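Input sequences plus hints: build the corresponding full structure.
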Amino acid sequence: MNPRSRSRIRTRCRRRSWGRIVLSASIVLGAALADFGCSGDEEHVVVYTALDRVFSEPIFAEFTRETGIAVRAVYDTESTKTVGLANRIRAERDRPRCDVFWNNEILNTLLLDRDGLFAACEPAPAMEYDEKWRDSEGHWFGFAARARVLIVNTNLVPADQRPDSIEDLTDPRWKGRAGMAKPLFGTTASHVACLFAKLGTGAATKLLERIHENDVRILSGNKACAEEVGAGRLAFALTDTDDAMIELDAGRPVAIVWPDSKPGEMGTPVLPNTLARIRGAPNPEAAVKLISFLLTPKIEAMLARGPSAQIPLHRETAVKPRIPRIDELRPMDIDFEEAAAAFSKGREAVEVLLLD
Amino acid sequence: MALLVGLPLHLALAMFLGALAFRSNLQGRRAAAAFLILGALVPFYVSATAWIGIFGEGHLFRDLIGSAATVGLVHALAQAPLGAVVCGLALRAVPRVYEEQALIDGSSRARAFVRAVLPRGRTGIFAAGALFTLAIFTDYTVSDILVVRTFAEEVYTLFAMWGSPAPAILAALPTFVLLTLLLAPLARAAASGGWSGSDRTGSVPRATSVSSRLAGAVLVLAALLLALVPVASLARYIEADRGLAATVEAFRVELLTSSWTAIAAGVFSAIAAPALAWALVRARARRTLFLAVGAALALPGPLAGIGLIRLLDHPGILGAVYDSPLVLVLAYVVRFFPVAILLVLPSLESMPRARVEAARIEGLSAAGVWARVLLPAAREALPRAALVVAAFAVGELQASLLVMPPGFDTVGRRFFSLVHYGLRGEAASLCLLGLACTLLPWAALVAWESVARKRTPERAPTS
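Just so you know, the sequences run in chain order A and B. All residue numbers for the first sequence refer to our numbering, where the first residue is 1 and numbers rise by one. All residue numbers for the second sequence refer to our numbering, where the first residue is 357 and numbers rise by one.
One or more of the hints may lead you astray.
[As the list claims (entries may be wrong)] Taking beta-carbon pairs under 8 Å as the criterion, some of the chain A residues facing chain B (in silico):
#, residue
1, Glu43
2, Val46
3, Asp52
4, Arg53
5, Arg72
6, Ala73
7, Val74
8, Tyr75
9, Ala91
10, Arg95
11, Arg97
[As the list claims (entries may be wrong)] Which residues of chain B face chain A? A few of them, derived with a C-beta cut under 8 Å, are:
#, residue
12, Ile665
13, His670
14, Met760
15, Ser773
To be clear, the hints were calculated from the coordinates, so they are not data collected in a lab. Computed from a predicted model, the values in this text were never measured in an experiment. Glycine included, C-beta positions come from ideal geometry on N, C-alpha and C.
Encoded structure:
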């Protein structure tokens, strides 16, 4: 065979090989786009949720079953819970993609509201919640709360020596043996914001300094705090009721203490999940339907019965919760708006505690 | 501290295993090399989580040597297969004639290796060290589990706190510059082709003595333990009450999303890489371009995600891309395109430039030169580049977390979340399924290459 023919054959083979590669790439991309395109046509609602997929996905599935509206969720990770989602909502403000923001705490909801990112709505079930758990202008709605508690290792700490106040984080007898989550995210940040509002900036900053001087371990999240106590590596830690309940349910030697709950004390912070409709979002009707669905007693009952053991706030939620009901607790009397304002001022003090 | 503890251990393991598996004449070295390559493909967060589990959440070591040092130890072990492959390939490419000369001059085998081979394989050793350093700085999966703050987590934390990229960028800048300066020489070394291919000028007879066979068996066992035991250890967490089909269905979204976005990113990177790689080979501003490749490698994942949000979240076609899983493909391409360039560079470096000039003289446009000269020249490297990028993409978390489109989820994000909630059985099932998705294309490539090698006669070695 002459060299020219060989060269022509080689060129044809090469073209076929590249043709196959390009065809394969096109098929892969086409399938992907088709997969997206098909689901893009059905009625749907986009929710950014801080409640982990394990807990929220069954609820979304129930909503889809009842209404036929598909739920497209975006979840976050444990370590930077909520704030990542909140900042995505901010970044997308000129072209909102999220319809509903389901936050598992309240601080970032209030900060977003201040930035004018929410639209008002009037879901019917919201009227059956106490006024303190919803915004007067209909921008956000609280439901299914968690309390900020101390989880104590019962093998390391005798019953008569258990800490019972947030101040015990500064007690030298617990130096290096207590823990809390990063006070920049999630319910820990909300808790710190409540302290700033309740105690005042000066006293709250002093408290944080004493916590820092007492070598309180700062961990990645509330779950890590609960696990460290459950495993006996910490004597006690500040965490949420759901993370504490998971350790209890797993049979670890722990007990839950409701801090500052005696008469005359400041009370235990109770922090609701919050829902808000995003201003300018593409699916407003579906958003209101989802918010209404989530505020029903049925959903609160699901969250109360589930592993997260959330505290129902709806007047008619009839379920025997695995932890005390809201009317059996001494919740901290707090103005959440004031707490959000106070946190913005106290953030630097919090950063010093985190970075040092 | 993580670097001080982890880097020496990592390099020692990498050089030792790489030399034995890729350059020695021990029986079983091919099996060891195969295990190491498999281990290198396992997503980093999987290996790392498995090692942390083996050490009992790292607490023994954390109590003894501190959290940061435990991070270094976990990184060293989790990345050892990749480091061994990188070192091994570089050492394999060193011509045997240098070693033989040293032996003739009276050196012992060990001395000949240390004096004649190791210095010439320094590119691979440097590459293994640079990749390890990059991982220590830019990963936050291990450090998050072990509660140690790192550079990458700091960047994400600052963005999350302040809602603006400016503080995150400022905080990232010094380390970013340092990493760029570290990685730019890596890009330059890759261009020289000094760490790919193999030396075919001298073949060494396989060792047959009893001690050599024993050493070979130990080598295979070490490679198997290092590469696969951590992953196999996840199997103990799997809850057998749910069958395979149900498990696959439960994770369908994650497996599908991760698989096709990773493959798409790999194919795109491989097809586009030759053009930029050729620019590196030809450009007069080579140093600047190598710095650019180093910078791209050093870019923290969170900043890549932030940049994509700012770039794409606009009305029109950009917004359509942002709302679709294509944004994940872009995130992976941004992060791993430099890897594809480095893998393709050696093929183009060895291609005669006259070929391109002849194509230009014949009237081919730039696109024509790319399609008919550059792509064919790099055709052996392209499938490997595509699959390496795809394997890295399956393990990516930092950038994809920030741009995840609604209704989709990836193996990495879901795995990380399940581990945090202590759902180890679910996490283990997911990770083993994800691993199967990563390894199947590689198995296909290896089979195809061995068939192609049998059909193609051995080419004469070139000096």
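Here's how the hints hold up against the structure:
1. Glu43: violated (13 Å)
2. Val46: Cβ of valine 46 of chain A sits 4 Å from chain B, so the hint holds.
3. Asp52: Given a least distance of 6 Å, the restraint on aspartate 52 of chain A holds.
4. Arg53: holds (7 Å)
5. Arg72: Given a least distance of 3 Å, the restraint on arginine 72 of chain A holds.
6. Ala73: Cβ of alanine 73 of chain A sits 6 Å from chain B, so the hint holds.
7. Val74: holds (5 Å)
8. Tyr75: holds (7 Å)
9. Ala91: Interface hint status for alanine 91 of chain A: holds (5 Å vs cutoff 8 Å).
10. Arg95: Holds, because the Cβ-Cβ distance from arginine 95 of chain A to chain B comes to roughly 6 Å (cut-off 8 Å).
11. Arg97: holds (6 Å)
12. Ile665: With a minimum Cβ separation of about 5 Å from chain A (threshold 8 Å), the hint on isoleucine 665 of chain B holds.
13. His670: Where the cut-off is 8 Å and the nearest Cβ of chain A is about 6 Å from histidine 670 of chain B, the hint holds.
14. Met760: This interface hint holds because 6 Å falls under the 8 Å limit.
15. Ser773: holds (6 Å)
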